[in-house]
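Peer 1: Each chain is listed here by its residues.
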Amino acid sequence: MSEYIFYPGCSMESSAKAYYESVMAVCKTLDVKLNEIDDWNCCGATEYLSLERMPAYALIARNLALAEKQANGTNTVVAPCSACYLNLSKADHYMQEDKAFGKNINEALAAGGLHYTAGKLAVRHLLDVVLNDVGLDLVKAKVVKPLAGLRVVPYVGCMLPRPDYSHRYSDTEHPTEMDDLLAALGAEVINFPLSTACCGGHMTQIGPDTAFELIRRLIASADEAKADVIVTLCPMCQMNLDAFQGQMNGYFKTNYQMPILFFTQLMGIAFGKEPKELGFGSEFVSARAAMSRIGVKTPEPAAAPKAKKPEGLPMPPPLAKNGKHAKETVK
Amino acid sequence: MPEMTEERVPAGPRQKEDLSLLHEVSAKTAGVSHVEMCIQCGTCGGSCPSAAAMDHTPRAIFAMLRAGMREEVMKSNTPWMCVSCYYCTVRCPQEIHITDVMYTLKNMALKSGAVKHSTASDFSRTFINFVENYGRSYEIGLAGLHNLIHLNLALRLPNMAPMAIGMLTKKGMSPLPPKRIKGMDGLKKILKRAKELESA
Numbered sequence: 014m015s016e017y018i019f020y021p022g023c024s025m026e027s028s029a030k031a032y033y034e035s036v037m038a039v040c041k042t043l044d045v046k047l048n049e050i051d052d053w054n055c056c057g058a059t060e061y062l063s064l065e066r067m068p069a070y071a072l073i074a075r076n077l078a079l080a081e082k083q084a085n086g087t088n089t090v091v092a093p094c095s096a097c098y099l100n101l102s103k104a105d106h107y108m109q110e111d112k113a114f115g116k117n118i119n120e121a122l123a124a125g126g127l128h129y130t131a132g133k134l135a136v137r138h139l140l141d142v143v144l145n146d147v148g149l150d151l152v153k154a155k156v157v158k159p160l161a162g163l164r165v166v167p168y169v170g171c172m173l174p175r176p177d178y179s180h181r182y183s184d185t186e187h188p189t190e191m192d193d194l195l196a197a198l199g200a201e202v203i204n205f206p207l208s209t210a211c212c213g214g215h216m217t218q219i220g221p222d223t224a225f226e227l228i229r230r231l232i233a234s235a236d237e238a239k240a241d242v243i244v245t246l247c248p249m250c251q252m253n254l255d256a257f258q259g260q261m262n263g264y265f266k267t268n269y270q271m272p273i274l275f276f277t278q279l280m281g282i283a284f285g286k287e288p289k290e291l292g293f294g295s296e297f298v299s300a301r302a303a304m305s306r307i308g309v310k311t312p313e314p315a316a317a318p319k320a321k322k323p324e325g326l327p328m329p330p331p332l333a334k335n336g337k338h339a340k341e342t343v344k
Numbered sequence: 016m017p018e019m020t021e022e023r024v025p026a027g028p029r030q031k032e033d034l035s036l037l038h039e040v041s042a043k044t045a046g047v048s049h050v051e052m053c054i055q056c057g058t059c060g061g062s063c064p065s066a067a068a069m070d071h072t073p074r075a076i077f078a079m080l081r082a083g084m085r086e087e088v089m090k091s092n093t094p095w096m097c098v099s100c101y102y103c104t105v106r107c108p109q110e111i112h113i114t115d116v117m118y119t120l121k122n123m124a125l126k127s128g129a130v131k132h133s134t135a136s137d138f139s140r141t142f143i144n145f146v147e148n149y150g151r152s153y154e155i156g157l158a159g160l161h162n163l164i165h166l167n168l169a170l171r172l173p174n175m176a177p178m179a180i181g182m183l184t185k186k187g188m189s190p191l192p193p194k195r196i197k198g199m200d201g202l203k204k205i206l207k208r209a210k211e212l213e214s215a
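Here the protein sequences line up with chains R and V, keeping their order. Quick note on this note's numbering: the first sequence kicks off at 14 and runs consecutively. Quick note on this note's numbering: the second sequence kicks off at 16 and runs consecutively.
Wrong hints could be hidden among the right ones.
For lysine-lysine, the following PhoX-like pairs were computed, each having C-alpha atoms within a straight-line distance of at most 25 Å [to be verified]:
{"hint": "1", "chain 1": "V", "residue 1": "Lys197", "chain 2": "V", "residue 2": "Lys126"}
{"hint": "2", "chain 1": "V", "residue 1": "Lys203", "chain 2": "V", "residue 2": "Lys126"}
{"hint": "3", "chain 1": "R", "residue 1": "Lys112", "chain 2": "V", "residue 2": "Lys43"}
{"hint": "4", "chain 1": "R", "residue 1": "Lys266", "chain 2": "R", "residue 2": "Lys153"}
{"hint": "5", "chain 1": "V", "residue 1": "Lys197", "chain 2": "R", "residue 2": "Lys82"}
{"hint": "6", "chain 1": "R", "residue 1": "Lys116", "chain 2": "V", "residue 2": "Lys204"}
{"hint": "7", "chain 1": "R", "residue 1": "Lys289", "chain 2": "R", "residue 2": "Lys46"}
{"hint": "8", "chain 1": "V", "residue 1": "Lys31", "chain 2": "V", "residue 2": "Lys43"}
{"hint": "9", "chain 1": "V", "residue 1": "Lys197", "chain 2": "R", "residue 2": "Lys30"}
{"hint": "10", "chain 1": "R", "residue 1": "Lys82", "chain 2": "V", "residue 2": "Lys43"}
{"hint": "11", "chain 1": "V", "residue 1": "Lys207", "chain 2": "R", "residue 2": "Lys116"}
{"hint": "12", "chain 1": "R", "residue 1": "Lys239", "chain 2": "R", "residue 2": "Lys133"}
{"hint": "13", "chain 1": "R", "residue 1": "Lys133", "chain 2": "V", "residue 2": "Lys204"}
{"hint": "14", "chain 1": "V", "residue 1": "Lys197", "chain 2": "V", "residue 2": "Lys207"}
{"hint": "15", "chain 1": "R", "residue 1": "Lys155", "chain 2": "R", "residue 2": "Lys46"}
{"hint": "16", "chain 1": "R", "residue 1": "Lys30", "chain 2": "V", "residue 2": "Lys207"}
{"hint": "17", "chain 1": "R", "residue 1": "Lys153", "chain 2": "R", "residue 2": "Lys310"}
{"hint": "18", "chain 1": "R", "residue 1": "Lys310", "chain 2": "R", "residue 2": "Lys289"}
{"hint": "19", "chain 1": "V", "residue 1": "Lys210", "chain 2": "R", "residue 2": "Lys112"}
{"hint": "20", "chain 1": "R", "residue 1": "Lys155", "chain 2": "R", "residue 2": "Lys112"}
{"hint": "21", "chain 1": "V", "residue 1": "Lys43", "chain 2": "R", "residue 2": "Lys116"}
{"hint": "22", "chain 1": "R", "residue 1": "Lys112", "chain 2": "V", "residue 2": "Lys204"}
{"hint": "23", "chain 1": "V", "residue 1": "Lys210", "chain 2": "R", "residue 2": "Lys116"}
{"hint": "24", "chain 1": "V", "residue 1": "Lys131", "chain 2": "R", "residue 2": "Lys82"}
{"hint": "25", "chain 1": "R", "residue 1": "Lys82", "chain 2": "V", "residue 2": "Lys31"}
{"hint": "26", "chain 1": "V", "residue 1": "Lys43", "chain 2": "V", "residue 2": "Lys90"}
{"hint": "27", "chain 1": "R", "residue 1": "Lys41", "chain 2": "R", "residue 2": "Lys153"}
{"hint": "28", "chain 1": "V", "residue 1": "Lys194", "chain 2": "R", "residue 2": "Lys116"}
{"hint": "29", "chain 1": "V", "residue 1": "Lys203", "chain 2": "R", "residue 2": "Lys82"}
{"hint": "30", "chain 1": "V", "residue 1": "Lys31", "chain 2": "R", "residue 2": "Lys112"}
{"hint": "31", "chain 1": "R", "residue 1": "Lys155", "chain 2": "R", "residue 2": "Lys266"}
{"hint": "32", "chain 1": "R", "residue 1": "Lys116", "chain 2": "V", "residue 2": "Lys203"}
{"hint": "33", "chain 1": "R", "residue 1": "Lys46", "chain 2": "V", "residue 2": "Lys197"}
{"hint": "34", "chain 1": "R", "residue 1": "Lys158", "chain 2": "R", "residue 2": "Lys266"}
{"hint": "35", "chain 1": "V", "residue 1": "Lys31", "chain 2": "V", "residue 2": "Lys126"}
{"hint": "36", "chain 1": "V", "residue 1": "Lys43", "chain 2": "V", "residue 2": "Lys207"}
If you're looking for bench data, these hints aren't it; they were derived computationally from the structure. Note that this is a predicted model, so its numbers are computed, not measured.
Generate coordinates for the entire structure from the input sequences, incorporating the hints supplied.
Peer 2: Written out as structure tokens, the structure is:
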């Protein structure tokens, strides 16, 4: 059995429960023990870095300090979320690269009675652990229900392969780790050129026009390649492509129905686990039809409440101060 | 034909360069930014998925920093449109930490007051307010509050309400705030000290 320090991240207990459940189920099969960091805090995503530098890094480093204290025989922190993974690596990397900066962060941590020795821990994503520690041979040995006939798009996203401070991945733009894993599960893996293109990140909340186009090109491209599902390894990517797919369809007047799953959900299916145990049925775009192709019956997601039809005539855009209609922009 | 003169005009800038803005940005960026090394090749803008929505491409921003155009840079929407995809960062031949420089420019724009309210900066603030009080982020509360503050944005989008309900029914998310972490007092002290160090 191998043990790791585990940093789940906030999404795992709210919007990405399916990821959490499937990670736990899969790790049990692979005999990987994840010891959660006691009293961890949010990594701040990209938002704290946008506001203030020192507090943002101090927030991240508190988790590293707690992990270092808790480390018992292992010095590897595993994060399943790409944004968390990048933030933890970023803090560790810059505290080493810029000693004065590292000293400042530790001075802030000291106010809360903590300290982190930069470079002490290895921060890794779960995919990396599955591939390089567990190994594909063991993964293959655990497969009881090969995913033969399921056409999958491996979608890696941005923050795992880039900037890749510790050179853990095969390429910053076209890493093949996820392809290899899905092939080991027996799935038909599509060579996807947009595998590390952006999912829109927080733009769904800030500049939806920008976000929708980024979501559209991924979904449309996967659809063109006749994919059954897109497979992700990050809660943010999953949320943007799944929960916002309907809005994207509304915006472009398209009707894509592309299920978005976590790689651990497919691993669980291949390991013969029950779909319910793996968080199936919590997706916006139902994976039921896709999974039935390989004879797996997954629960139907709860029915979506119907959108109200707008009543009456559309409202004119608001008038600008000069009395003319303001051009609609989102900034 | 212009009259030829004996006077020779030396190549290079006519006046002494003022690189204080460039150096300031570099110093305020975590790690070693390499921002002074830009060769104006434009690979960054060409790699950027949101360049079309930017007032200036990243390349132009780096030229403006060198030219000391503080006000224009602070008011540019460029860093706020950055999606943190790091394509520019890994493709830059000079290894400039472009995404991190964008974070620095956002920090500076907020501090200078050049940017007071925008959907981008308000989103970051709302997100972090929850983190500073609970130690954890609060996705449902964040989306709700953010869309109330920027109702004009929410109203333009179809199906916003059904989507929010879907988050609760499909994904099984709790509408309640997260449980406060045990070490909240300690975290508050850490952040307070970090803020002091930032402004020092």
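Peer 1: Does each hint hold? Answer for all of them.
Peer 2: Hint by hint, here is what the structure shows:
Pair hint lysine 197/V plus lysine 126/V does not hold up; C-alpha atoms about 31 Å apart against a cutoff of 25 Å. This hinted pair checks out: lysine 203/V and lysine 126/V have alpha carbons roughly 21 Å apart, not beyond 25 Å. Under the criterion of a C-alpha separation no larger than 25 Å, the hint pairing lysine 112/R with lysine 43/V is consistent with the structure, at around 14 Å. Between lysine 266/R and lysine 153/R the alpha-carbon distance is near 42 Å, which puts this suggested pair outside the 25 Å criterion.
This hinted pair checks out: lysine 197/V and lysine 82/R have alpha carbons roughly 16 Å apart, not beyond 25 Å. Using a Cα cut-off of 25 Å, the hinted pair lysine 116/R and lysine 204/V holds, with the two alpha carbons roughly 17 Å apart. At most 25 Å may separate the alpha-carbon atoms for a hinted pair to count; lysine 289/R and lysine 46/R meet this at roughly 22 Å. Straight-line distance between C-alpha atoms of lysine 31/V and lysine 43/V comes to about 24 Å, which keeps the hinted pair within the 25 Å bound.
A threshold of 25 Å between alpha carbons decides the hint, and for lysine 197/V with lysine 30/R the separation of about 22 Å falls inside it, so the pair holds. Simply put, lysine 82/R and lysine 43/V have alpha-carbon atoms about 30 Å apart, too far for the 25 Å limit, and the pair is violated. Restraint check: the Cα-Cα separation between lysine 207/V and lysine 116/R comes to about 16 Å, which is no more than 25 Å; the hinted pair holds. This hinted pair does not check out: lysine 239/R and lysine 133/R have alpha carbons roughly 45 Å apart, beyond 25 Å.
Among the hinted pairs, lysine 133/R with lysine 204/V is consistent with the structure: their alpha-carbon atoms are about 24 Å apart, no more than 25 Å. Note on lysine 197/V and lysine 207/V: the hinted pairing holds, with a Cα-Cα distance of about 17 Å set against a maximum of 25 Å. Taking the CA atoms of lysine 155/R and lysine 46/R, the gap is near 17 Å; set against the 25 Å cutoff, the hint holds. Under the criterion of a C-alpha separation no larger than 25 Å, the hint pairing lysine 30/R with lysine 207/V is inconsistent with the structure, at around 32 Å.
Between lysine 153/R and lysine 310/R, the direct Cα distance comes to roughly 22 Å. Compliance with the 25 Å bound is thereby established for this hinted pair. The straight-line distance between the Cα atoms of lysine 310/R and lysine 289/R is roughly 10 Å, inside the 25 Å bound, and the hint therefore holds. Between lysine 210/V and lysine 112/R the CA atoms are separated by roughly 19 Å; this keeps the pair inside 25 Å, and the hint holds. About 45 Å separates the Cα atoms of lysine 155/R and lysine 112/R, which puts this hinted pair outside 25 Å; it is violated.
Taking the CA atoms of lysine 43/V and lysine 116/R, the gap is about 15 Å. The hint holds against a cut of 25 Å. Pair hint lysine 112/R plus lysine 204/V holds up; C-alpha atoms about 22 Å apart against a cutoff of 25 Å. A C-alpha spacing of about 15 Å is found between lysine 210/V and lysine 116/R, which places the hinted pair at or below 25 Å, so the restraint holds. Proximity of lysine 131/V to lysine 82/R is assessed by CA-CA distance (about 40 Å); at most 25 Å being required, the pair is judged violated.
Between lysine 82/R and lysine 31/V, the direct Cα distance comes to roughly 52 Å. Violation of the 25 Å bound is thereby established for this hinted pair. At roughly 18 Å between alpha-carbon atoms, lysine 43/V and lysine 90/V fall within 25 Å of each other, so this suggested pair holds. A hinted pair counts as satisfied when its Cα atoms are at most 25 Å apart, and lysine 41/R with lysine 153/R qualifies at roughly 15 Å. Between the alpha carbons of lysine 194/V and lysine 116/R the distance comes to roughly 31 Å, so the proposed pair goes past 25 Å and is violated.
For a cut-off of 25 Å, the pair hint linking lysine 203/V to lysine 82/R stands: about 20 Å separates their Cα positions. This hinted pair does not check out: lysine 31/V and lysine 112/R have alpha carbons roughly 32 Å apart, beyond 25 Å. Simply put, lysine 155/R and lysine 266/R have alpha-carbon atoms about 43 Å apart, too far for the 25 Å limit, and the pair is violated. For the hint pairing lysine 116/R with lysine 203/V, the CA-to-CA distance comes to about 19 Å; that is within 25 Å, so the pair holds.
The hinted pair formed by lysine 46/R and lysine 197/V meets the criterion: a straight-line CA distance of about 24 Å does not exceed 25 Å. The hinted pair formed by lysine 158/R and lysine 266/R fails the criterion: a straight-line CA distance of about 38 Å is larger than 25 Å. Proposed proximity of lysine 31/V and lysine 126/V is contradicted: the alpha carbons are some 28 Å apart, above 25 Å. At most 25 Å may separate the alpha-carbon atoms for a hinted pair to count; lysine 43/V and lysine 207/V meet this at roughly 19 Å.
This entry does not satisfy hints 1, 4, 10, 12, 16, 20, 24, 25, 28, 30, 31, 34, 35, going by the numbered hints stated previously.
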